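Residue numbers (my numbering), protein chains in the order written: chain F, 1 to 113; chain A, 1 to 112.
A hint or two may mislead.
[What the hints assert, rightly or not] Simulated crosslink set (SDA-like; lysine to any residue; CA at most 20 Å straight-line): (1) F:K71 - A:R107; (2) F:K40 - A:K42; (3) F:K9 - A:Q64; (4) A:K42 - F:R109; (5) F:K40 - A:K70; (6) F:K36 - A:Y71; (7) F:K22 - A:T101; (8) F:K44 - A:K56; (9) A:K56 - F:V101; (10) F:K44 - A:T96; (11) A:K99 - F:D30; (12) F:K41 - A:E3; (13) F:K40 - A:S98; (14) F:K36 - F:D1; (15) F:K41 - A:K56; (16) A:K99 - F:P8; (17) A:K42 - F:L27; (18) F:K36 - A:T101; (19) F:K36 - A:K56; (20) A:K42 - F:A106; (21) A:K56 - A:R41; (22) A:K99 - F:S80; (23) F:K40 - A:T96; (24) F:K36 - A:T96; (25) F:K22 - A:R41; (26) F:K40 - A:Y49; (27) F:K52 - A:R41; (28) A:K42 - F:I55.
[Claimed, not checked] The calculated label-pair distances, taken between Cβ atoms and stated as ranges, are: (29) F:K22 - A:P14: 28 to 36 Å; (30) F:S65 - A:S26: 28 to 36 Å; (31) A:K42 - F:N51: 46 to 54 Å; (32) A:K99 - F:T7: 23 to 31 Å; (33) F:A106 - A:Q109: 16 to 24 Å; (34) A:K42 - F:I55: 21 to 29 Å.
By construction, these hints were calculated from the structure, which means they are not laboratory data.
Keep in mind that this is a model prediction, so the values were computed, not measured.
The beta carbon of each residue, even a glycine, is placed where N, CA and C say it ideally should be.
The lines below spell out each chain.
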Amino acid sequence: DTAVSQTPKYLVTQMGNDKSIKCEQNLGHDTMYWYKQDSKKFLKIMFSYNNKELIINETVPNRFSPKSPDKAHLNLHINSLELGDSAVYFCASSPPAGANVLTFGAGSRLTVL
Amino acid sequence: QKEVEQDPGPLSVPEGAIVSLNCTYSNSAFQYFMWYRQYSRKGPELLMYTYSSGNKEDGRFTAQVDKSSKYISLFIRDSQPSDSATYLCAMERPGTASKLTFGTGTRLQVTL
Chain F
1 DTAVSQTPKY
11 LVTQMGNDKS
21 IKCEQNLGHD
31 TMYWYKQDSK
41 KFLKIMFSYN
51 NKELIINETV
61 PNRFSPKSPD
71 KAHLNLHINS
81 LELGDSAVYF
91 CASSPPAGAN
101 VLTFGAGSRL
111 TVL
Chain A
1 QKEVEQDPGP
11 LSVPEGAIVS
21 LNCTYSNSAF
31 QYFMWYRQYS
41 RKGPELLMYT
51 YSSGNKEDGR
61 FTAQVDKSSK
71 YISLFIRDSQ
81 PSDSATYLCA
91 MERPGTASKL
101 TFGTGTRLQV
111 TL
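Just chain A, same shape as in the assembly (with noise of 0.2 Å):
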């Protein structure tokens, strides 16, 4: 059983619907919670960083965690064609060095 399980989809939303994307851990010293989002053929980049339990928003994009459940989420608002790519969490325990612990990605797909 891997770490980080997240769902591969593909999900496919029609533009302007509210998507989630969630991820599950089984190691409780996971402190740092992060989502990347990745576009095709491209390396990934930096959406959303939190850190312990709790919401975060900007713009479009809210994180949680609730780290009682072991479970991460990531909500996206009035979704748009440009946010289809695969959406990566990771997560890292402290004192690790920066090893940052991924899931497989969930890849989505926005039509119009």
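One chain only, chain F, in its complex shape (with noise of 0.2 Å):
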């Protein structure tokens, strides 16, 4: 069974396009993630949500929006998509008392043509 799962794997798109991008664990974990990893595999995070609430919103255009409908799915919708979206996105999600012990996703590659 898949910790953390994301869909989809690979997304093709225009530049002004909307998508988005889902997320799901599995492990009872409280505290869910976005990181973005560029094409020097930087990873950088994006947002962080607990329990559905967002608690990390780091200096991220308004056109990524994340929505976390329950504390087991974090979504990512990324409005009017540019060249420089293009990287690898990432779901994480860590338990409440290990909470910088993060479990990954395999990753959503996004290329923005």
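Both chains are sitting in their own frames, so use the hints and assemble them into the complex.
Next up, the structure:
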């Protein structure tokens, strides 16, 4: 059973489009995250939710909007996609007692043409 | 200057070698230190976790933290081709709600 699953794995789209990435975890964790990994492998946090409440919101354009319908799901919607949004987006989750011990999904590779 | 610096490599070693991977950091407030391993086209997975200074050993892996020098290391003994991956260091300040700061990763290749 996959612990943190993301869909889709690959996404190729045109500039200006709107797209969503979905994430689900079956670990019973309270906290979920979105990280962005650029072409140089640099991994940077975008958002963090604890039990559906937004707790970290880094300097990310307003075009990015996370949504957590429940504590097992965290989705990422991106409006008006730009070339610079091309990256691998990772979802992760962590337990309350080990909040900095993250379990990552396999990533969603977004290519904006 | 990035808060966490890591040599991107690639680092190529023969099977059986001892590997040393390192990160330096500038923020003395970091208290939690982690090493993640990332295989190609996969998500990072936690390898080692240490709090403050000291050493921690787990099988062939040893993590060291030297807070006075702002320097952390990961040693891999008897390296195997299956250790070929990118190794990312990560750190966290207390009270930042699990906001990890990652290094850029070192790509390791273990050859037969």
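task = Of all the hints given earlier, name the ones this structure violates by number, lowest first.
result = 1, 3, 5, 6, 7, 8, 13, 14, 15, 16, 19, 21, 22, 23, 26, 27, 28, 29 and 31
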